[in-house]
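Participant: Now for the letters of each chain:
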Amino acid sequence: MKVNLKEYKVLLLVVTAIMALLVASPALQRLLVYPQTEFFTEMWLLGPEHKAENFPSNITSNSNYKVFIGLGNQLGSCAYYSIQVKFRNQNQPAADSFDRTASSLPPLYSITSLVADKGTWESPLSFSLDYTYSEDPVNATLSKVNVNSIIFNGDTLDLEGFSATWDPERRGFFVYLFFELWIYNDVASGFQYHERYTSLRFNMTV
Amino acid sequence: MPRSKTPITLSIILMLFVTVLASPVWAEQSSAGTAISSAQNTILNCYNAAKEAEAAGANITAIVATLNEAGTLLSQAELAYAANDFDAAFNLAVQSQNALSDFIGEANTLKENALQQQNQDFLINVVGSIIGTFAVIVVGGLVWLLLRKKYETTEVDESESEGV
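These protein sequences, in sequence, are chains A and B.
Once you know that position 146 of the first sequence is 145 in numbering that gives the first Met the number 0, the rest is easy, because the numbers rise by one and skip nothing.
Once you know that position 56 of the second sequence is 55 in numbering that gives the first Met the number 0, the rest is easy, because the numbers rise by one and skip nothing.
It should be emphasised that the hints constitute simulated quantities derived from the structure, not laboratory data.
Below, a list of computed lysine to any residue pairs in the SDA-like style, where the Cα atoms sit at most 25 angstroms apart:
{"id": "1", "chain 1": "A", "residue 1": "K65", "chain 2": "A", "residue 2": "T204"}
{"id": "2", "chain 1": "A", "residue 1": "K50", "chain 2": "A", "residue 2": "S62"}
{"id": "3", "chain 1": "A", "residue 1": "K117", "chain 2": "A", "residue 2": "Y33"}
{"id": "4", "chain 1": "A", "residue 1": "K8", "chain 2": "B", "residue 2": "K148"}
{"id": "5", "chain 1": "A", "residue 1": "K117", "chain 2": "B", "residue 2": "L114"}
{"id": "6", "chain 1": "A", "residue 1": "K117", "chain 2": "B", "residue 2": "N107"}
{"id": "7", "chain 1": "B", "residue 1": "K148", "chain 2": "A", "residue 2": "V14"}
{"id": "8", "chain 1": "B", "residue 1": "K50", "chain 2": "A", "residue 2": "W120"}
{"id": "9", "chain 1": "A", "residue 1": "K8", "chain 2": "B", "residue 2": "I136"}
{"id": "10", "chain 1": "A", "residue 1": "K117", "chain 2": "B", "residue 2": "E51"}
{"id": "11", "chain 1": "A", "residue 1": "K5", "chain 2": "B", "residue 2": "F133"}
{"id": "12", "chain 1": "A", "residue 1": "K5", "chain 2": "B", "residue 2": "S158"}
{"id": "13", "chain 1": "B", "residue 1": "K50", "chain 2": "A", "residue 2": "A187"}
{"id": "14", "chain 1": "A", "residue 1": "K5", "chain 2": "B", "residue 2": "L141"}
{"id": "15", "chain 1": "A", "residue 1": "K143", "chain 2": "A", "residue 2": "N61"}
{"id": "16", "chain 1": "B", "residue 1": "K110", "chain 2": "B", "residue 2": "T60"}
{"id": "17", "chain 1": "B", "residue 1": "K149", "chain 2": "A", "residue 2": "Y7"}
{"id": "18", "chain 1": "A", "residue 1": "K8", "chain 2": "B", "residue 2": "K149"}
{"id": "19", "chain 1": "A", "residue 1": "K50", "chain 2": "A", "residue 2": "N61"}
{"id": "20", "chain 1": "B", "residue 1": "K50", "chain 2": "A", "residue 2": "S109"}
{"id": "21", "chain 1": "B", "residue 1": "K148", "chain 2": "A", "residue 2": "E6"}
{"id": "22", "chain 1": "A", "residue 1": "K50", "chain 2": "A", "residue 2": "Q73"}
{"id": "23", "chain 1": "A", "residue 1": "K65", "chain 2": "A", "residue 2": "L124"}
{"id": "24", "chain 1": "A", "residue 1": "K117", "chain 2": "B", "residue 2": "A64"}
Using the sequences provided together with the hints, build the complete structure.
Facilitator: And the structure:
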């Protein structure tokens, strides 16, 4: 019987190539990994049921509220974050989304967190506000709200002298609790604003 | 003359009295400030150790939780300091530092293990894989030579038998 060597040659080449590729795959895997091109940090705020709904908005004095704040690190290496908790009324400066600047207000509280690369971090935040109304004696109407303190994660933060006036457009006494994200910069040896913030607006009801 | 000296003497006594009363507060404030500053440095050193371990390929999830606990304690210490509760600020800052007492050692162990693992992976996955690939190609070549030899022998046998 005559053996056709050409048929064997093709078969052998294919089998050898497939086996070589299989054996080489661990080494190829290292070479063919697509480099990460986008580096960013995620920041989120969730409501009391751990969903993006039912955020506290119409609040009452000394009632407890709960939200969740979280971070996701996609920066390519672990990062050391600081969430600066700030509180303002409608006349005080907020963080600016367009200019990407932080609010000039001092933080009431700061939460630091180290997040591994591609890792996430989440923390519950509980708070309550202690406030009283001032009445206008002439018109017998409520003229402003004096916020005495805020209890944040069990710590009482004194806010003496802080007040909010009536907002005629939105018809309420509004204050804002906002969370600015700062990140530790190794070169500057300090935290710098990471151009992200999220906030809650409260209508302080009777 | 003695009359004019009385207010000065009284002032000196008052100043001494105030100094003696206030000095423990200043000392507490200073200790708390130093403890907070020291805790901040410790956290930064631990952060750098964690970063190096992660860069070496270690999974730092477990040690990150410890660092975050220490960070929370430090935040509370800073808050207590701002509220002039220096005693609490000092205690919290010390607790924060104590929480990280083994951190750098653990991070370095993770880093060393990760480097060892990385070397082992490199040997198996890269060097082993490359050697394996060459071996497959060589075996393929040998099989080809063997087949060709067998084919040539068969052809010669057939031609010889046809000739006979």
